[in-house]
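A.B. asks: Residues per chain, in single letters:
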Amino acid sequence: MNSRLTRRHFIKGVIYSSAVATSGTGYYLANAASNRQPGAVERLISININGRTRRVDVQPQETLAHTLRYRLNLTGTKVSCNRGECGSCTVMIDDTAIYSCSILTQQVKGKQITTVEGLKAADGTLHPVQQAFIEELSPQCGFCTPGQVMSAVALLRANPSPTREQARLGLSGNLCRCGAYDHYLNGVMRAAELIS
Amino acid sequence: MTYMHVGKDFVPPDVEGKVTGKAKYVEDFRREGMVFARLLTSPMPSGRIVSIDASAALRLDGVLGIITADDLPASTPPENPMLARDYVTYVGQPILAVAALSEEIAETALESIKVEFERRDFVVDPLTSLVEGGPDAYPEGNAMVREIPETEDENAEVVGRIRPVKWPAAEIERFRAGKEPMGVSFTDGWEYGEIDTAFAECEVIVEQSFVTAGTPHHCMEPRSSMVYWENGKCYFHASTQSQSSVDEPLAAQLGIDPADLCIINENTGGGFGSKGRNYPTMGVAGNLARLLNRPVQLRITREEEYYIGVGRPGMQGWIKTGLRSDGTVAAVDLIIVSDGGPGGRDSASSSAGHISVLYQPTAMRLRNIPIFTNTAPRGAQRGPGQNEMAAVLSPIMDKAANELGMDRVEFRKVNAPNSDSGIYQAQGPVTSAFMADAIEKGADLFDWEGKRSQPKRRGNKLRGIGVGQGYHGAGGYGYDGLVRILPTGKIQLHSGVGNLGTYSYAATVRAAAEVLQVSWENCEIVHARTDRHLPWSSTQGGSNTIFTHSRANYVAATDALQKLKQIAAAEFGGTEVEYDIADERVFNIADPSKSLSYGECAQKAIAMGGHYSGAEYPEDIHPITQRAVQGVAGTGLIGVAKDNLPRKGTPPGMIVGYVELEIDIDTGKYDILEYIAVADCGTVMHPQGFSQQMNGGGVWGIGMAGFERHVYDPQNGLPANVGIYQSKLPTMMDVPVNMVSAAVDLPDPFNPMGGRGIGEPSQGCAVAAITSALADALDGHLFNRVPVTADMIVNHLAQNGLESQSLKINTF
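Chains F and U are the protein sequences, given in the same order. Here this note's numbering is used: the first sequence runs in plain steps of one and ends on residue 196. Here this note's numbering is used: the second sequence runs in plain steps of one and ends on residue 812.
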């Protein structure tokens, strides 16, 4: 299998699906139609990350993970597989956990993006999930941890009092090769207590 | 014994960074002027490189340079070279690297490079190479054969050479049919005891063939590198399991003095054995950075991880085991053909060792041969040899016990090692062992007796219970410790142990804090960069850190403690035996008003010089530690020592696991309902870390039992799994909602803090318990391989004859 070809097919697929699936891209397409030649792409865009609007030069095929890590230096978001298999790059778009390697930055204009760097309170207090993950020593190597944190935060926003089974389902899209699943679930359950 | 730190949880200093995103891994580092490298890799499993034309690539804007094998020292097969020179021996083998201003430009450049290959025959299954007339992975042959030079010099070195080794087709067929091949060649092995005599004593003899799949490591952080050179020194951001173990070999790859190499490794996103040493792409990145005189980042993709990330060797084997009427194992005869990949990696001795430890056979024989294949390079992976042997051995031993009419747990207790047991070929001693206690404790927690009497069939589910054991040598001797007391009174605990997330780098320096009776808040762990003056340390692997480095830190702190007392004696009179410590002060026992704070002692140590300040140091410490001491000399009171504490053979890490599972007879899928593991690992030094390793290894066991495997297209030799989904590692939904771990918690007398490691046997006991439970659920049926996939179970239940029994490996 040729990874480069696969990657292109993936990007093409995402561009196609984004054109029909997201309102942000719909806005972009309408805007592009009125101001630019067909097929041209606005590169300097505004996106809201961790409560701040950032102007950033984004290529049309660029994933959100790439923008976060390499243009905005938000390296807390990790890239492990870069093709939607592992969940290490999970961020929140509005209140939904999303693999940032599998969505184009152009698709998230107008959305609220939260990365692991944006969870602390203004006074530096850790988010309950972060605090609970420390108390339960949830991470091992830590590479998947930012993604686990973001999935846990999204889960608890949707369901502040999950059962352990529900928590397991909520984090099932985040792989951990160290096998720290039990400790991550302990962390989610403790975070739910801290939030309540 | 009551400890201040040992056996208590604490917050390791790197945890907060991991949950906030501040923790940095190799690819998170940037450097001004940094350029990006990409690899051109082999598209075929075996071939000769005829020519390389990179002229078009070098003309592209933004391309800065190319490195090939011609720029690097030569290597000798089967060594895995930094870059292939004449021959490629696996798909994905790096041939050259291009550096450019961006990864996109580098990728574009790769597409314009023309490489002409001459295809060679390839092999992905050892037995297809071992059979007469079969292809060989190298032009010279398929196995490493020891050759004694033709010389009269009786001290001449025995050398290994790649040579063809072949078995007659009829013997290959016997082997495939589960019988002992006769009159065939092996390249290695060992034995002890009188095996024929021991078999003659047996009431029950079981003879089986088995296969274990090769498996990728799946480290979540790919093995990227970022390197820059400044003033003749190389600064290397590396994803590695150790600073010390990488230091000298990486310096050799770069052709420099280790003193001119600074390895930087704050966090490592998983290694599991695959990053224990330097690896080829490290040399590529380092040499390329020097050629260009620019910082270079070589990011490794997930797909490339499957090519170059090494994997566990697979095994094709045959075993004959015999039990006496009392259930003791009299004899084990074992043959292992290893799928060694292009490097010929082999874990057969460890596999046999697993049996020798946990079943204590009176006599044992191993005959083995690793065969080169054109598959992924292989390396150590969590419990190498022992864990895959545990996987297939457990149900075979169950069969023997069942034929004898003996309960499976009782059988393991009867054969369990104790502190007087011998292990491996030499039947050498262990530091201590209380495995029977672990088995008994686990059986109670699991309610083995109660579960034995429960029905096997529940609707369309078949229920099984299983027991399995894991073993790994859990520690070493002779490493160095380094402790520094600053004039501020702050205690700096230096550690060269890598940081994989087991937190043992932190748990072991607490042994020094224990000796000095200092508060944890007043301690700082100094690690992560070799220019922070780190002592000679073991790699963080092999389950060995807890035992090895609590000893090393103990001796360093004991040295510091002695110096504290000597300094006080010099100040107030008397001898050091008249002084003691409390509340971070050293005081005269008879007159406690005569006391000095640790900080005051550090000031005096600087003034006194000599060995107090590190200006002098013990002659027996490693050169790496000598450089570290030279770096901190004169900055405080220096405690430094080599671990010369008493030794007694191997510290064993052992765990027993218990599993209850249910098989869906319609789908072949099984769910693990309960998992309990009990460790015989001495004192539990860090309870949360212990639980992490017990459960994490358990998850690995679930993966080995049911999912993970290398698969190759036998027609073209192409790997079929170059993504996580193609060699699935367990997700949260594959593991029980709760996993239970416990310990015998009896201290090991050869560690001052009592601990031994358990990171690796935690996988072996889990996979063994699962395969044992599968056999139990299926009325004793033996698959004799891992992974056991749902389709295998369905085919068995359907009795359709499709179940694989022919020792096939690397394919379905």
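Any given hint could be a false lead.
Unchecked claim - Think about it this way: if two alpha-carbon atoms lie no more than 27 Å apart in a straight line, the pair counts; the simulated BS3-like pairs of lysine-lysine are: (1) U/LYS166 <-> U/LYS594; (2) U/LYS399 <-> U/LYS451; (3) U/LYS399 <-> U/LYS490; (4) U/LYS22 <-> F/LYS109; (5) F/LYS111 <-> U/LYS22; (6) U/LYS461 <-> U/LYS669; (7) U/LYS728 <-> U/LYS648; (8) U/LYS451 <-> U/LYS669; (9) U/LYS22 <-> F/LYS120; (10) U/LYS490 <-> U/LYS451; (11) U/LYS461 <-> U/LYS24; (12) U/LYS24 <-> F/LYS120.
Stated by the list, open to error - Derived CB-CB ranges, DEER-like: (13) U/GLU107 <-> F/LEU194: 42 to 50 Å; (14) U/GLY255 <-> F/LEU44: 42 to 50 Å; (15) F/PRO160 <-> U/GLU111: 32 to 40 Å; (16) F/THR96 <-> U/ASN460: 31 to 39 Å; (17) F/PRO60 <-> U/VAL50: 25 to 33 Å; (18) U/ARG119 <-> F/LEU44: 34 to 42 Å; (19) U/PRO13 <-> F/LEU194: 50 to 58 Å.
It is worth saying that the hints were derived from the structure and are not from the lab. Here a beta-carbon is modelled for each residue, glycine too, at the ideal position from N, C-alpha and C.
A.B. asks: Next, verify each hint and record whether it holds.
C.D. replies: Verification of the supplied hints:
1. U/LYS166 <-> U/LYS594: violated, 79 Å
2. U/LYS399 <-> U/LYS451: Holds: U/LYS399 and U/LYS451 sit about 19 Å apart, inside 27 Å.
3. U/LYS399 <-> U/LYS490: Violated, at about 59 Å.
4. U/LYS22 <-> F/LYS109: holds, 26 Å
5. F/LYS111 <-> U/LYS22: Measuring from Cα to Cα gives roughly 24 Å; hence the hint holds.
6. U/LYS461 <-> U/LYS669: Satisfied, since the Cα-Cα distance of roughly 10 Å is no more than 27 Å.
7. U/LYS728 <-> U/LYS648: Measuring from Cα to Cα gives roughly 41 Å; hence the hint is violated.
8. U/LYS451 <-> U/LYS669: holds, 21 Å
9. U/LYS22 <-> F/LYS120: Given pair U/LYS22, F/LYS120 holds - Cα atoms ~12 Å apart, limit 27 Å.
10. U/LYS490 <-> U/LYS451: Not OK: U/LYS490 and U/LYS451 at ~55 Å, beyond 27 Å, violated.
11. U/LYS461 <-> U/LYS24: The given pair, whose Cα atoms are some 47 Å apart, is violated under the 27 Å limit.
12. U/LYS24 <-> F/LYS120: At roughly 18 Å apart (the allowed maximum being 27 Å), F/LYS120 and U/LYS24 satisfy the hint.
13. U/GLU107 <-> F/LEU194: 42 to 50 Å: For U/GLU107 and F/LEU194 the Cβ distance comes to about 45 Å; the hint holds.
14. U/GLY255 <-> F/LEU44: 42 to 50 Å: At 46 Å between Cβs, range holds.
15. F/PRO160 <-> U/GLU111: 32 to 40 Å: Violated, at about 51 Å.
16. F/THR96 <-> U/ASN460: 31 to 39 Å: For F/THR96 and U/ASN460 the Cβ distance comes to about 37 Å; the hint holds.
17. F/PRO60 <-> U/VAL50: 25 to 33 Å: At roughly 40 Å between Cβ atoms, U/VAL50 and F/PRO60 fall outside 25 to 33 Å, so the hint is violated.
18. U/ARG119 <-> F/LEU44: 34 to 42 Å: 49 Å Cβ-Cβ, so the 34 to 42 Å window is violated.
19. U/PRO13 <-> F/LEU194: 50 to 58 Å: 22 Å Cβ-Cβ, so the 50 to 58 Å window is violated.
Against the hints set out earlier in the document, violations occur for numbers 1, 3, 7, 10, 11, 15, 17, 18, 19.
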